Structure formats: structure tokens, C-alpha cells
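Sequence order for the protein chains is E and D. Heads up: the first sequence runs through residues 104 to 667, numbered per the numbering used here. Heads up: the second sequence runs through residues 857 to 1024, numbered per the numbering used here.
It should be emphasised that the hints constitute simulated quantities derived from the structure, not laboratory data. For clarity, every value in this text was computed on a predicted model and none was experimentally measured. Beta carbons: idealized from backbone N, C-alpha and C, even for Gly. Wrong hints could be hidden among the right ones.
Here are some, though not all, of the chain E residues that point toward chain D, as calculated from beta-carbon distances under 8 angstroms [to be verified]:
id, residue
1, Leu224
2, Ile249
3, Leu282
4, Gly284
5, Asp406
6, Ala407
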Amino acid sequence: MKLSGAEIVMECLVREGVETIFGYPGGATMPMLDAMLNYPIRHVLTRHEQGAAFAADGYARSSGKVGVAMATSGPGATNLVTGITTAMMDSSPVVFITGQVHSTLIGGDAFQETDVTGITLPITKHNYLVTSAEELAEVIREAFYIARSGRPGPVLIDICKDAQIEKVEFEYPEEEVCLPGYQPPTHATPASLEAAVKLIKEAKRPVILAGHGVLMSGAMSELYTFAEKTQTPVALTLLGLGSFPAGHPYNLGMMGMHGTAHSNLAIQNADLILAFGMRFDDRVTGTLRTYAPRAKKIHVDIDASEFNKNVTIDVALLGDLRAILADLNPKLETMDHQEWLQKIQTWVQESNDRDILYWENSDKLHAAHVIHDFWQQSRGEAIVTTGVGQHQMWTAQYYRQEKPYQLITSGGAGSMGFGMPSALGAWFAHKDREIWAIEGDGSFQMSLNELATLTQENANVKILVINNRYLGMVRQWQEFFFDKRYAATPITGPDFVKLAEAYGIPAVAVSERGQIKNALDFAHNTPGPVLVEFKVEQEDCVYPMVPTGAALDEMLLRPSLVRV
Amino acid sequence: MQHTLIAKVENIPGVLNRVASLFRRRNFNIDSLNVGRSENPKVSRMTIVIDNNAVDAAKVQSNLYKLVNVIDVQDVTNQPVVSRDLALIKVAATAEKRHEITNLANIFRANVIDVGTDSVIIEITGTVDKIESLMELLRPFGILEMVTTGQVAMLRGKSNGTSPNGHH
Chain E
104 MKLSGAEIVM
114 ECLVREGVET
124 IFGYPGGATM
134 PMLDAMLNYP
144 IRHVLTRHEQ
154 GAAFAADGYA
164 RSSGKVGVAM
174 ATSGPGATNL
184 VTGITTAMMD
194 SSPVVFITGQ
204 VHSTLIGGDA
214 FQETDVTGIT
224 LPITKHNYLV
234 TSAEELAEVI
244 REAFYIARSG
254 RPGPVLIDIC
264 KDAQIEKVEF
274 EYPEEEVCLP
284 GYQPPTHATP
294 ASLEAAVKLI
304 KEAKRPVILA
314 GHGVLMSGAM
324 SELYTFAEKT
334 QTPVALTLLG
344 LGSFPAGHPY
354 NLGMMGMHGT
364 AHSNLAIQNA
374 DLILAFGMRF
384 DDRVTGTLRT
394 YAPRAKKIHV
404 DIDASEFNKN
414 VTIDVALLGD
424 LRAILADLNP
434 KLETMDHQEW
444 LQKIQTWVQE
454 SNDRDILYWE
464 NSDKLHAAHV
474 IHDFWQQSRG
484 EAIVTTGVGQ
494 HQMWTAQYYR
504 QEKPYQLITS
514 GGAGSMGFGM
524 PSALGAWFAH
534 KDREIWAIEG
544 DGSFQMSLNE
554 LATLTQENAN
564 VKILVINNRY
574 LGMVRQWQEF
584 FFDKRYAATP
594 ITGPDFVKLA
604 EAYGIPAVAV
614 SERGQIKNAL
624 DFAHNTPGPV
634 LVEFKVEQED
644 CVYPMVPTGA
654 ALDEMLLRPS
664 LVRV
Chain D
857 MQHTLIAKVE
867 NIPGVLNRVA
877 SLFRRRNFNI
887 DSLNVGRSEN
897 PKVSRMTIVI
907 DNNAVDAAKV
917 QSNLYKLVNV
927 IDVQDVTNQP
937 VVSRDLALIK
947 VAATAEKRHE
957 ITNLANIFRA
967 NVIDVGTDSV
977 IIEITGTVDK
987 IESLMELLRP
997 FGILEMVTTG
1007 QVAMLRGKSN
1017 GTSPNGHH
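Let the hints inform the model, and build the full structure from the sequences given.
Set out below in C-alpha cells:
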């Protein structure tokens, strides 16, 4: 059967299970958009390609499936770049499809021509330039396979316009994808497992560092078994939140720059670090010079280049975390670390004493209270996305994650404006769930345009704006390290309620803690998108904080508890 | 210490760019990089020489593996290996100096492959050390121009240059 390249793209996407594509049209993608009308694939029109990229990412992270974003050549493709980087830094499986000018025009600076494969080379797991329809079926299959397997990541396919139009014989290649240079590892070697078991048995003060890899490999129950069997407390990275239940007594919460004081103290005093699917990012280690100085380190990762990248390790277990933990658990006997757990418990008590949550209500509205109350009211069951900044850290701290895949946030790249578009993507994957985008007023203003997308799709996405009229995270750094010189951080915004209403989105603003419940109820009970703005304390800070260059246990703590 | 890596990569457009881009992005400084054909027309062969004091060879290796088009990478530094570099050296040579230069070239089993009125071009194949030694001796005559191909390397014996454990 002869099909056009555009039709072949659709045939292949349907076979990959794609139902939704987030994108923005243009001259170089018109044949594909036209073909899409004849296939069961929905094109969701965002208002900017970056929104499409974030939405596809949110779809991927909340569903575990590959997300797809599409944009035209030139500026359409370059507008995806921040979204591609975001997916790359957080190992998110997204396939980006871009249109490219006619293959014969390549290199001639044609209208809307850009070297997209060149631009995205360092920010994709792999990318392709397709110049003839013949290549399409193989390339698309490979792209999806590469995106979702091994350490997942974004793959870009740049398709020339003539390759979309050209008609060729189409036969779907049914055999498995075989790439000689790409064979993701699965099980660790027996020798490395034995070495790990030895260290685990010798340890008196072990700590597990659970990262995004736990969620990506679906190793939650294996992690749970490991932690219980060996009585090992679990500290989590930002992207690892949800991989171990927040309410479990072994859960130490988030580690690192804005992690809990007790998790950081546990890491610094540990004699064994078990790094499960995490990469020792500078935001979780503090200065490397003094990081976990007394600990041997076991590192489990599917990407060998992560071993010894930042932190020198003692045992490397290369492979799929779930497979490795399943191999490891039967080799371990039940262990007793009560003494260590009790020591940590004293640190937890100190953390609690300083926690703003335990402050009595004042006339001030604190973001932490807003998020805590929201967590309680939604029983922790909403899928929550965030932008980047203080509100993101408060969400990580106070929206306690009992279950996996419910927190969607840009960790590695730290891309502002991620919250609302990624919530839109999550909604397309979970139309039965409550989806909330928690945004700061700064971050929100980077993606405001997507309000129109929510309206057009009547997406049941609730927006919670934490408005402190500052770019709060930078302001906080200025307060601590730049002598309170607030350069470029005071920020105005529109009347968010009126703005939302202009888009047909019901909205309400809150400035007192007593009004939180009603506002959240209003959002919950109103179908479709709703915006709730919280006008919070302007100069609040995220605590604890490990300053750049400081050791992990040299934290700035919330000034001693002043009970009002 | 210098490390020599042999990488087998798919012979398709853009692979050299991917490797070069990786080295730039990870800030890996390399001493030499040679790309050429292999016994298999679908596979190109790269010989990469790095200074292990500046860059960890294991890091280079594990990052190369991340490239989908890289089939195999082997660190052959501590293995029985033959390695060769080819250099073309243009030396200032008046008629009366020509004989002396040719003699030096002969001692190194190098060939004089071009003779001009004021210069000769010498072709030398060998280890980097051997080429350096000849260069030292030619320097007093005046080296006008020099180019090397970069090192190529091959394991001795039956090995086909693919790591015994396959991938990783």
C-alpha cells in the first residue's frame, strides 16, 4: 500500500499508542496535521511551542507513556528548546516531531530553516533528520524505543516537508528494534551485587537516597521491601518524592538544599549511602568536599556515566533499579538499626520545633500553610505540578507524597513556567483525576498564554497561584547573600482574578488563612479550569537552606520558633 | 598518562559531530582523534588519545556509550597494541643540505616524497615518540610545515577490537 510520509508518521504513532499530540502548526508540519485528521490522534493546540513541550512532558511523567509534541521548522522548533532541555535533565520520555524545509533546500537558509538537529544535539538523548519517506517507519519506531527504554529521555525527529508529502510503499516493520550501539543494561554483575551485600551487612548507619530512577523503573515495592528488611531510612530527591510513602516512619523527606534538616544530618552522619536512581546533583550534595564524609557509597544506576561523576563511590551496580533491588533483597537478612533510627528521631524533633507548620496562626498568610491546607483538603490525592521557585520547594515540603507519579516538577533544568502546561498534559493522561498546577506569580507569568488552551480544551485543571509579588527564590538569595539588595526581583502582575475571568476561567483571591478552605472548595466543586490566587507574606523564605558552597549540614534554619 | 580508546561507530552522517559535541559538552580535552574506515563498511573506527591526568578515560568511555551510534568502546592502554601515527614534514632544504636530511630520514625509515628547490617533504610512519625524535633532528634545518594524521591503534593477536564483555 502506498502512503504519504505524513500518513506513515500517523500509522506509526497510532501503533505506538499515541492518542494526544501537543503542538503548534506551521508550514513545515501541514501535511502531518492534515493526515492527523484521518487518524484517532488528537492535536492539542497550545499557545506557544514551549507550552506544548511542557505539556507533553507532563503527560509523560504522569502516565509513564511517551509524550509527543510537534512544532514547525525554524522558530517553532527553537521554541521547543527549553522544553527539550527540561525533559533531558529529568530523563523524561518525550518524542519531539518538528517539520523541516524541503530536503533540497537544506543548507540554503530557506524561510524558517534552522539546523534543529544541530541545536538539539546536546539536549536530546538522540535525534534524527529524515529526508525521505522511506526512512520514517524505522526512525519513528527507534525514536519511541530510545525515548522510553534505558534511562529515558527526549528524542527529536526533524522531518523534511518533501518526506511528508512523498508517497512510498508502507509496510510496518514488526520485528523488534535492534540498535547495535544501544543495549540498556538490566541486571548488575554477581560480583558487584556481592560487594554491595557485604557493605550493607557491615553498615550501622545506612541511608537510602531515593531518586527519580525509582519511579522510572517502577521499583517502589522493591524499595519498600529493602527499606523495611534492612531498617534503612529513606531520604528522597525532589524528583524521587512519591517513590516511598511520606507517612512511613523511615521516610526522612526531601534531602539537599531545601531538604529537611534531619535528612541532611542523617546523610552527613551515615556510614553507608545507598544511592538508588539518583545522580548526586549539586542541589542535593552541597559542597562535595565534605559530602557524607564517613559513608561508603553504593550507587545503583542504569547510566554508567553517572558513576563517579560527582561523588566517588565504592560499589557501582549498573542496570535497572527494579531488577537490581529484586536481585538484592533475597540476599539480605532482616537487620536491626533501631539505635540509628532513634538518633535520627531526635533530629526530626528538632526539625519539627522549627517548622512553620507548627506555628500558631498569625494575621499573615504563609505559603507553607496554604500548601499544607491544600494537601489536607485534597487528602494528598491530587496530581500536582509546579513552576520553579519558592512555591516549588514549599510544594515539595508540604504536599506530602504518599503515592508515586503525583508530583510533576522541573528539577534538573529548573524551568519556570512549567506548572500550568505540564498540568494540562497530565490532565490528558488522567481525565478522571484532580490536577492542580501550583505556580508562583513569576513562574505563572511565563506561561499565562496557556490559560487560553485550558479554556479551549475545557481542561479540568485547577491553578493555585502563590503570589508574593517577588521573584521569591532570587529575592531570598538576595536577602541572605546580597545584603537585601533586591535587584530585578520585585515583580508586578495583572489582577489574576480578572485575567482568568477574561479567559472564561472562574477565579477567586485569598489573603487570609481562614478563607483557604472555601476557596479550595470552590475550585474543587466548579467543573473545568479554576484559578485560586493566594496573596501571601511577601518576604518569606524557604527553610532550611544549604547555602552554595556550604556543607550539607551547615543549614540556614528558620529563625527560632516564635509562637505568636 | 596517555590513554588510547578505540571506538567503533556506525558509518552514517553526523556521528563525528555527535562525538565531538559530546567531548565539548562534557569538557573533555583530547590529544588526538582519528576517524577512518574499518573492515566493515557499516562501521567507522575512531582512535581517541586522551591525557588521563586531565580527563578520566572511564568517564570518556561511559559517555561515549550513551551515544546511540557508538557500537563499542575499548580502552586499549594496558593491552598489547600497535599504534601508529603518520606525519608529513616539510623541511627547508637547499641543495647542499638535501643529502644530510635524506640520510636522517633513512635512519628513521622515513621517505622523502617531494623535493622542491628550497624544501623537501618527508613522510614518516611510527609511534608518536619516533616522529618526535625525527622532528627534533630536523628542527635545526627549519621545519616549514607539519601535519599528522593522529594515532591509530590496533590490538595484537586475534582480537577484533571489540570489548570481550560486549556493551560495557
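For each hint, the structure was consulted:
no.: 1; hint: Leu224; verdict: 5 angstroms, holds
no.: 2; hint: Ile249; verdict: 6 angstroms, holds
no.: 3; hint: Leu282; verdict: 6 angstroms, holds
no.: 4; hint: Gly284; verdict: 4 angstroms, holds
no.: 5; hint: Asp406; verdict: 7 angstroms, holds
no.: 6; hint: Ala407; verdict: 4 angstroms, holds
Figure legend: structure checked against the earlier numbered hints; every hint is met.
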